[in-house]
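Asks: The primary structure of each chain is shown beneath.
6 protein chains.
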Amino acid sequence: MLLHMSTWKEIDERLKSSRTVIIPIGSNEQHGPMGLLGTDWLCPEIISHAAEKEGDLLIAPTFNIGMAQHHLGFSGTISLRPTTFMAAIEDWVDSLARHGFDRIYFLNGHGGNIATIEATFSQIYSHYSYAAEPCPFIMKLRNWWDLPGIASLCARLYPQGHGSHATPSEIAVTFAAYPDFVKSAAMEPRIAPNGPIRDALDYRDRFPDGRIGSDSSLATVSDGEQIIAAAVKGLLDDVAKFQAE
Amino acid sequence: MLLHMSTWKEIDERLKSSRTVIIPIGSNEQHGPMGLLGTDWLCPEIISHAAEKEGDLLIAPTFNIGMAQHHLGFSGTISLRPTTFMAAIEDWVDSLARHGFDRIYFLNGHGGNIATIEATFSQIYSHYSYAAEPCPFIMKLRNWWDLPGIASLCARLYPQGHGSHATPSEIAVTFAAYPDFVKSAAMEPRIAPNGPIRDALDYRDRFPDGRIGSDSSLATVSDGEQIIAAAVKGLLDDVAKFQAE
Amino acid sequence: MLLHMSTWKEIDERLKSSRTVIIPIGSNEQHGPMGLLGTDWLCPEIISHAAEKEGDLLIAPTFNIGMAQHHLGFSGTISLRPTTFMAAIEDWVDSLARHGFDRIYFLNGHGGNIATIEATFSQIYSHYSYAAEPCPFIMKLRNWWDLPGIASLCARLYPQGHGSHATPSEIAVTFAAYPDFVKSAAMEPRIAPNGPIRDALDYRDRFPDGRIGSDSSLATVSDGEQIIAAAVKGLLDDVAKFQAE
Amino acid sequence: MLLHMSTWKEIDERLKSSRTVIIPIGSNEQHGPMGLLGTDWLCPEIISHAAEKEGDLLIAPTFNIGMAQHHLGFSGTISLRPTTFMAAIEDWVDSLARHGFDRIYFLNGHGGNIATIEATFSQIYSHYSYAAEPCPFIMKLRNWWDLPGIASLCARLYPQGHGSHATPSEIAVTFAAYPDFVKSAAMEPRIAPNGPIRDALDYRDRFPDGRIGSDSSLATVSDGEQIIAAAVKGLLDDVAKFQAE
Amino acid sequence: MLLHMSTWKEIDERLKSSRTVIIPIGSNEQHGPMGLLGTDWLCPEIISHAAEKEGDLLIAPTFNIGMAQHHLGFSGTISLRPTTFMAAIEDWVDSLARHGFDRIYFLNGHGGNIATIEATFSQIYSHYSYAAEPCPFIMKLRNWWDLPGIASLCARLYPQGHGSHATPSEIAVTFAAYPDFVKSAAMEPRIAPNGPIRDALDYRDRFPDGRIGSDSSLATVSDGEQIIAAAVKGLLDDVAKFQAE
Amino acid sequence: MLLHMSTWKEIDERLKSSRTVIIPIGSNEQHGPMGLLGTDWLCPEIISHAAEKEGDLLIAPTFNIGMAQHHLGFSGTISLRPTTFMAAIEDWVDSLARHGFDRIYFLNGHGGNIATIEATFSQIYSHYSYAAEPCPFIMKLRNWWDLPGIASLCARLYPQGHGSHATPSEIAVTFAAYPDFVKSAAMEPRIAPNGPIRDALDYRDRFPDGRIGSDSSLATVSDGEQIIAAAVKGLLDDVAKFQAE
Ligand code: NI
Ligand code: NI
Ligand code: NI
Ligand code: NI
Ligand code: NI
Ligand code: NI
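Chains as they are written, first to last, in this note's numbering: chain X, 20 to 264; chain P, 20 to 264; chain V, 20 to 264; chain C, 20 to 264; chain E, 20 to 264; chain F, 20 to 264.
To be clear, the hints were calculated from the coordinates, so they are not data collected in a lab.
Computed from a prediction, not measured in an experiment: that's the story for all the values here.
Certain hints may be false.
Quick list of simulated restraints, FRET-style, between CB atoms [to be verified]:
1. F/P227 to X/M20: 38 to 48 angstroms
2. C/P227 to V/E73: 35 to 45 angstroms
3. X/M20 to F/P212: 28 to 38 angstroms
4. F/A170 to C/P155: 53 to 63 angstroms
5. V/H146 to X/M20: 27 to 37 angstroms
6. P/S171 to V/G168: 22 to 32 angstroms
7. X/S37 to V/H146: 23 to 33 angstroms
8. F/E152 to V/E244: 54 to 64 angstroms
9. X/S37 to E/A259: 51 to 61 angstroms
10. X/M20 to F/A170: 36 to 46 angstroms
11. X/S171 to F/A170: 16 to 26 angstroms
12. C/P155 to E/N213: 16 to 26 angstroms
13. F/P227 to C/R209: 57 to 67 angstroms
Which stretches of chain V does chain C cover? Using the computed rule of at least three CB atoms under 8 angstroms from a CB of chain C, they are [as the list claims (entries may be wrong)]:
14. 50–59
15. 111–125
Heads up, the beta-carbon is just placed ideally off N, CA and C, and yes, glycines get one too.
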């Protein structure tokens with residue numbers, strides 16, 4: 020069930036049987052010479068929407084702009100400042116909790132979001148902690164690449180060149196979902212360098228085409244289909260466990 | 020051109036010929052017994068994506084959560100607080116301006132967003148005003164229903180019962196784009212009441228099924244197709260004028 | 020009754036019979052070559068203080084600095100940033116609501132304030148909306164030029180050259196109230212240009228003497244007296260309706 | 020010269036010879052059974068406007084709402100939270116500095132404002148201090164009762180019962196300026212108690228009629244006239260020294 | 020009892036008999052050519068820890084970074100912006116109040132902190148004041164040099180050259196506690212100049228070696244021992260009175 | 020070299036040869052029935068001060084209050100809200116960068132700080148990223164237990180019962196440094212439970228004595244000495260690498 024394609028009465032009805040909601044969350048940022056700018060929000064959207072067709076899930080709209088300050092040196096990147104990102108996540112959670120959702124699950128597509136999302140969870144819980152009141156809901160952050168079964172699959176598909184940004188796996192997921200938007204580009208060097216992540220100008224100096232440690236050109240539509248299938252299964256299992264908590 | 024389906028190099032290339040970007044912006048909120056929760060962000064997304072197929076536009080990802088505090092009494096509504104909404108819009112604009120965009124056009128789908136978006140424009144401009152520096156970009160807000168040609172079309176299609184929330188026109192647009200999600204419900208009363216908008220509990224008391232002044236059941240797929248066609252034309256004209264400014 | 024010229028015991032007493040309070044709110048900003056910098060806060064102050072003499076109103080102190088970032092290119096303009104303006108309005112409202120006022124009416128004198136005041140109302144209501152609690156008071160914004168009877172009077176007095184900033188009507192109101200401060204200046208051009216409002220430097224380029232669309236020199240003391248009389252009547256009627264709600 | 024009764028061109032002209040501006044700042048809060056709610060902003064307004072008639076001063080509009088959280092237990096008090104107060108002062112200063120004012124003098128009428136105004140000065144200066152840039156203006160806070168000559172005059176007029184809130188001296192100033200609003204009330208006890216200032220309920224418990232340490236009933240119009248005369252002289256001297264710095 | 024050298028169970032136990040806690044608070048900032056950067060937080064720490072050995076006190080960890088924007092022109096100074104300082108103090112207080120502490124006593128070592136701490140107290144109390152709820156705790160600010168007995172002792176020890184920054188008394192306290200860190204430097208001029216405190220560059224111009232009005236070289240270990248002994252006594256008395264309130 | 024035990028001239032001198040500074044950062048929070056409330060800030064302070072005696076390091080004052088909202092159910096815990104923590108870290112960094120430090124190394128003692136510190140680094144870098152300016156300094160976060168050599172040592176010392184909160188290793192470090200404060204308590208159960216970390220009441224329910232997964236009673240002074248020695252070596256190596264970057 021897609022929340023945004025439902026009426027409020029349908030959500031009211033759903034809340035009688037399940038109080039869990041899944042929020043695909045990502046970022047809109049450069050993904051190297053052949054990756055889509057939307058990759059990081061498209062991946063959790065693709066996976067969660069595919070899972071919704073196979074299981075009994077409620078998927079919220081996609082939270083598509085995250086914390087990508089380090090990518091601002093590349094055109095098309097849109098970032099929230101960490102403090103803005105925190106405020107926005109808090110308002111999403113407060114809205115959903117207002118309706119009675121008590122299991123709020125973020126399926127994340129961007130490594131750069133993790134610290135800020137976790138800091139936000141602490142911020143949200145802290146209101147209850149200072150007030151000595153029980154928080155009526157719980158939150159969970161899961162990166163799609165950490166879903167059960169994904170790491171081993173990617174290791175098998177990409178023994179070399181997986182890297183950590185503009186990875187062939189995330190690009191494959193978008194290619195499988197949007198084959199009309201498959202792009203290609205020469206990778207120079209084939210495997211991109213590694214290094215620390217700091218401000219945008221430093222990033223652009225270290226990683227001239229935007230990739231980190233990856234060979235994006237390994238991505239294929241068929242890989243993407245396998246990854247999506249595995250992630251759907253992993254997500255359904257993971258949400259089931261969360262719901263049962 | 021859809022920004023999120025492009026690579027950063029494609030955006031870099033585009034910036035050589037055009038520095039205009041369109042942001043579909045809306046809200047995720049109750050739309051009465053048969054309107055989709057996503058109506059207000061789906062409409063500008065539908066219209067701008069349709070226009071992108073016919074003209075030379077660059078469309079940013081959809082800003083899908085807006086200011087809908089008054090709808091929080093209905094399940095599924097997700098709202099940003101005005102101050103959060105302002106901070107988020109500012110970060111989107113700062114990101115896009117960072118790349119050189121100098122015409123930032125918001126195509127809005129939610130009346131409740133207008134005041135806060137305009138206050139944000141003032142906030143953004145004010146940084147330059149206090150510093151006595153020229154602002155290197157300009158921003159424009161346009162509600163899709165204010166695009167040239169739309170008001171007269173809606174008046175013709177719905178001489179009665181158009182109203183102002185969960186209107187047949189906005190619902191028709193979503194039905195035309197997503198015919199698999201056409202819903203129906205009895206309208207009681209057929210035309211919903213009117214009244215002021217305040218906090219969420221007051222709203223729910225005044226407008227028990229969520230609609231204001233409208234008969235949503237007038238919406239048809241075919242109306243939606245006409246409205247989309249008119250809005251596409253209106254948008255292309257309006258953006259052309261903005262670009263020429 | 021002027022709140023600031025009363026003791027707390029008198030306000031306590033008043034609250035037993037009426038819980039309505041009127042806040043004159045405006046801006047301190049350039050008003051062209053012959054308009055007073057205080058015009059936008061003087062007008063609602065003049066009108067509400069005149070009305071207080073004729074009806075049973077409680078008038079709060081004047082909120083004299085508003086959102087005028089676009090006028091900062093002209094000496095003497097004092098502006099709050101929108102976010103500051105919002106915080107200040109919220110504190111005024113919280114203070115008045117603390118005492119039991121449940122009808123808080125802002126008589127506004129500056130078009131540039133409107134969006135931010137409305138965004139603030141949403142911010143204030145949102146605290147109740149997220150908490151699922153009823154808001155114990157209601158707020159209303161009324162521009163003095165939108166009071167019943169004013170638009171038609173101004174159209175009659177100034178069939179040409181009324182414009183939208185440094186208008187003869189607002190200047191006439193201040194001249195009628197403060198005849199010792201009547202000023203005159205050559206209008207070049209007689210009717211000022213129109214255009215969009217953005218940052219301060221852009222504003223000064225477009226509107227070199229500060230006026231927008233107006234011929235301030237049409238203002239006379241006698242016009243001002245008529246406008247004040249009409250506005251007093253309009254205000255008393257409008258507040259009575261608000262009180263009865 | 021009253022800033023708000025001037026045109027921007029007059030302020031432009033003035034800036035050629037003097038870059039000093041005086042801001043009357045106070046609070047709107049209970050002042051016991053016979054003191055006006057506006058006392059604390061009326062006093063600096065009265066004194067500075069009187070001084071403007073005798074010397075060459077430029078007076079800004081009155082900053083009429085300050086930090087009065089502890090008085091919120093008494094009807095009619097309007098307070099800004101300290102953080103809001105700080106933001107508002109900062110925006111006033113930024114606006115005035117934008118025009119080239121480099122001596123910004125606050126004539127204060129409320130003891131409860133002092134700490135927050137000083138903290139704000141630090142906040143404003145800190146932007147320059149972190150940036151290692153010179154601050155192009157200086158700010159000064161002066162309480163009107165600390166102007167040269169006032170303390171000794173008040174000690175002479177009120178050897179007993181001056182106290183620290185709803186003092187006969189401040190009430191006398193307002194009575195002298197607004198003889199139509201002279202009020203009287205029985206003082207019980209004649210001299211109010213002293214004690215610490217904390218939250219609003221604690222304040223109301225300690226100081227049931229609002230006064231602290233004072234016998235407001237000692238105030239006379241003629242005292243007020245003497246105090247105003249002395250304060251005018253003190254202000255002109257003090258501003259002259261500030262200007263010469 | 021040192022809070023940070025205790026277990027939570029020991030604090031739980033302590034709360035049964037006393038709900039008072041003392042927070043040493045200061046600043047880390049330049050103290051002239053021979054004063055330690057830590058002087059202002061070391062002094063209240065030294066005094067309170069010494070007092071803890073003689074009386075029944077509970078001492079919190081030291082709040083070591085305060086408001087020192089004006090000292091940022093000198094290497095090693097670390098400052099919080101006033102608004103940050105306020106937020107941090109508020110969180111400390113909220114944490115301690117959460118456990119039931121109802122007497123929160125700040126022993127301050129830095130004059131530059133005073134205004135901001137007092138503004139913070141108002142901010143904290145204001146939450147209760149707007150909500151019309153009693154604040155369950157009280158706060159007190161005491162500068163160590165204002166403890167009973169200190170001013171007269173310092174006047175006796177340093178009839179000349181005490182000054183107001185990098186004073187011989189504060190330096191003597193640190194020397195007595197940390198004799199291994201006794202430093203010396205030529206004082207040029209012997210007694211430093213006086214003047215107003217503004218931004219960092221202005222400060223450095225006025226006070227080239229950092230001192231204000233003082234001759235730091237008067238400090239001796241033996242003075243420090245006397246001052247500490249007097250301050251310990253003063254603190255025990257002062258806290259006893261606060262506790263009894 | 021301890022920054023707070025130095026004069027500003029000594030820091031000035033030091034900056035000529037090294038622009039690196041180490042900030043011990045932790046938290047003040049419950050550490051089970053026998054761990055000190057200060058454990059998490061004492062450990063990095065102990066280790067860095069020990070290292071300072073053996074190598075050429077500059078150690079800033081200890082940042083002793085961190086993000087510990089989940090521990091607020093236990094007396095003595097003092098926490099900053101994540102947003103406050105971020106603002107404070109930013110001000111520390113801005114202060115140090117103001118003096119020319121370009122390598123800012125946080126030695127962290129609290130797992131709960133990590134996400135918020137990393138989010139803060141992003142916030143700090145983002146100012147430069149939006150402005151398209153190079154950030155003149157780099158920051159590094161290192162948990163002391165992740166220093167080279169520590170994990171293996173702890174695994175050897177505590178093959179069982181190390182856990183993740185109130186661990187024998189961290190308690191041992193404090194015991195070694197402060198043998199007068201060695202405490203003991205019965206561990207029931209011997210090894211504490213594991214589980215997720217949420218709000219304070221949930222935490223207290225899951226972890227009744229405060230420990231997570233650990234047997235604190237394994238801590239000995241002699242272990243602590245070994246761990247400190249290893250950490251000193253690890254820190255010197257790690258900082259040398261950072262400095263060389
Ligand atoms: Ni990615
Ligand atoms: Ni709608
Ligand atoms: Ni106007
Ligand atoms: Ni007063
Ligand atoms: Ni000092
Ligand atoms: Ni720990």
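Asks: Hint by hint, which ones does this structure get wrong, listed from lowest number up?
Replies: No hint contradicted; all consistent.
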